[in-house]
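Just so you know, the sequences run in chain order V and G. Here the first sequence is numbered in the working numbering, starting from -8 and rising by one per residue. Here the second sequence is numbered in the working numbering, starting from 506 and rising by one per residue.
Since the hints were derived computationally from the structure, they do not count as laboratory data. Each hint should be verified, as a subset may be incorrect.
Over the 10 Å line for every Cβ pair with chain V, so calculated as not near, a few chain G residues [unchecked claim]:
| # | residue |
| --- | --- |
| 1 | Y564 |
| 2 | S571 |
| 3 | T615 |
| 4 | A617 |
| 5 | G645 |
| 6 | D729 |
| 7 | L742 |
Residues from chain G shown here face chain V by an in silico Cβ test under 8 Å; the list is partial [stated by the list, open to error]:
| # | residue |
| --- | --- |
| 8 | F516 |
| 9 | F540 |
| 10 | L556 |
| 11 | F585 |
| 12 | L595 |
| 13 | E610 |
| 14 | A613 |
Even glycine gets a Cβ: it sits at the ideal position worked out from N, Cα and C.
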Amino acid sequence: MVMITREPEFFPPPINRLGQFGRNVLLTCRNAGRALLMLGEALLDLRFMFSQRSRPEVLHQFYVTGIKSLGVISVVAIFTGMILALQTGLELRKFGQEVNIGVAVMVSMLREMGPFMTALILAASVGSAIAAELGTMVVSEEIAALEVMSIRPVRMLVMPRLAALMIMTPILTFYASMLGVIGGGIVGLTQLGVSIPAYMDNAVRYAENKDLYVGLFKAFVFGIMITIIACHQGFSTTEGAVGVGRATRQSVIISFLSILVVGYIITRLLYE
Amino acid sequence: MIRFEHVTKYFGERTVLDDVSLDIEPGETFVIVGFSGAGKSVTLKHIIRLLTPDLGRVYIGAEAISEATGRDLELLREQFGVLFQGGALLEWLSVGENVALPLRERTAMTDAEIERRVQEKLKLVNLEGVMDAHPSELSGGMRKRVGLARAIVMNPHIILYDEPTSGLDPVTSRAIDQLIERMRQELNVTSVVVTHDLFSALSIGGRIAMISDGRIIEMAKPADFIKSKNEVVKSFLDAQYITKRGVWERGNHETHE
Ligand SMILES: Nc1ncnc2c1ncn2[C@@H]1O[C@H](COP(=O)(O)OP(=O)(O)OP(=O)(O)O)[C@@H](O)[C@H]1O
Ligand SMILES: [Mg+2]
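Could you build all of it, start to finish, from the sequences and the hints given here?
What follows is the structure, given as structure tokens:
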């Protein structure tokens, strides 16, 4: 069991720039370690997902994550598909290959843009909300109160959020990819003169199942990352309302960067 | 029951607790007073290991809670009910659910039993009919009382109160004082009460300790506390116009003496 409530920490002023840098590196490593420990605990706690005590909260988190983000994700997904189709379509037209926008849009949406866009939106909306919520709870001593009552904050707060993001991110990603393909089809039909059946035929024929799986796998990983980064930042909040603001901002920035880097690494590893 | 052995705590360069030693007896109501920022909440947090001493130890019974981890810590904490300074209610749960939380999470009680217990405790703190309200709809004093109801809902035998009566009207404050006193008499509960309210300190306290700058500068029974020779204690008493015994006495202190 990991203690969430932390004592305030104080450091002597660093001797020089190098000292400051070294300290930051060490602190970053420590925080990453703590976040991973918390992830381990939360994953173990997933076994309580359907227990009577946790079920209402889990369902609530599914609702917040899934349903509430649907609007933004839909709009972003359609436009992403449209932009992809237009962009590649204009180039392909030079070679008389417009019909290949089908596979271009399908593959980029499934493998790259779908997971990427969905994760960014979730990190900015759901992730930041998690960090702010948990940060406020730390500041008002609610987390301390839970720990004193021997109620584990990880089981009560992190696990439901992890379950929701872990499962909803792939689902939303698939949904976003499909909307993107539809958006691409519309552009194909109206701007590039590619008929819908030709577009779909091209998309389905040349896209591979692997593209789908890789995309869903990425989304799954992104979901876990967003939750853990946001929860960890929230729990590390110090210094009142200012601290909550900082935790929220940090959580969004760190999530964005990690999504980019990890997304690249996964593609790289699986398509070498 | 609760014993501090030379506890010292630093926050960075500052010493917030300086060689504090105390021994709180079972069934005693121990009151901690002091100026704002003196280290009262910090002391309370050491008792339940929300803070760990840099030097010295804190014992609960025979166990050193300042060293305990994992399951041991959990078992030690099970004996406590804690009222935090701000109430520390979970905002997304209703008042009833907040009070019921420890029962739901830690016991196998049925919904009906929980409901009954929650109502009983809310009644004790003079809060009825707010079961379904959310904490954000309550006044500061009401939140505090909900926090108090939650602190006592598991029938703990040690209760820590961080300013139970601050922000309450005088009538409710006295009702809370009586509640603390009654739990001591009927259930032999050990209480540690942090307060600014000297009136309640003098009327419920078995012993009163005054903390100033992280140090205990006076620790005495109420009758002796008001006669303290310490200049800081005197100024503290004078500021609240407490100069002679008659002002606060209510005749229920024989049990302490
Ligand atoms: N988390 C923290 N980080 C840094 N300093 C702290 C922290 N908590 C308390 N302190 C410092 O420790 C000292 C004691 O604080 P404490 O909360 O115990 O005061 P208090 O006696 O409870 O005051 P009040 O009556 O206002 O509640 C204060 O000077 C405060 O600045
Ligand atoms: Mg305090």
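Now the hints, each set against the structure:
The claim that Y564 of chain G lies off the interface holds: its Cβ sits roughly 18 Å from the closest Cβ of chain V, which is beyond the 10 Å cut-off. Here S571 of chain G stays apart from chain V, with its beta-carbon at least about 12 Å from theirs, past the 10 Å limit. The Cβ of T615 of chain G sits about 12 Å from the closest Cβ of chain V, beyond the 10 Å cut-off, so the non-interface label holds. A cut-off of 10 Å between C-beta atoms confirms that A617 of chain G is not in contact with chain V; the least separation is 15 Å.
The claim that G645 of chain G lies off the interface holds: its Cβ sits roughly 12 Å from the closest Cβ of chain V, which is beyond the 10 Å cut-off. With a minimum CB-CB distance of about 33 Å to chain V, D729 of chain G clears the 10 Å threshold, and the non-interface call stands. The claim that L742 of chain G is not at the interface with chain V holds, since no C-beta of that chain comes within 10 Å of its own (minimum 30 Å). At its closest, the beta carbon of F516 of chain G sits 6 Å from a beta carbon of chain V; the interface hint therefore holds under the 8 Å criterion.
Residue-level restraint check for F540 of chain G is violated (minimum Cβ-Cβ distance to chain V is 21 Å; threshold 8 Å). Because the beta carbon of L556 of chain G sits about 6 Å from the nearest beta carbon in chain V, less than 8 Å, this interface hint is met. A distance limit of 8 Å between C-beta atoms decides the matter here; for F585 of chain G the minimum to chain V is near 7 Å, and the interface restraint holds. A cut of 8 Å between beta carbons decides the hint on L595 of chain G: the least distance to chain V is about 6 Å, and the hint holds.
Hint on E610 of chain G holds. Least Cβ distance to chain V is approximately 5 Å, under the 8 Å limit. Hint on A613 of chain G is violated. Least Cβ distance to chain V is approximately 11 Å, over the 8 Å limit.
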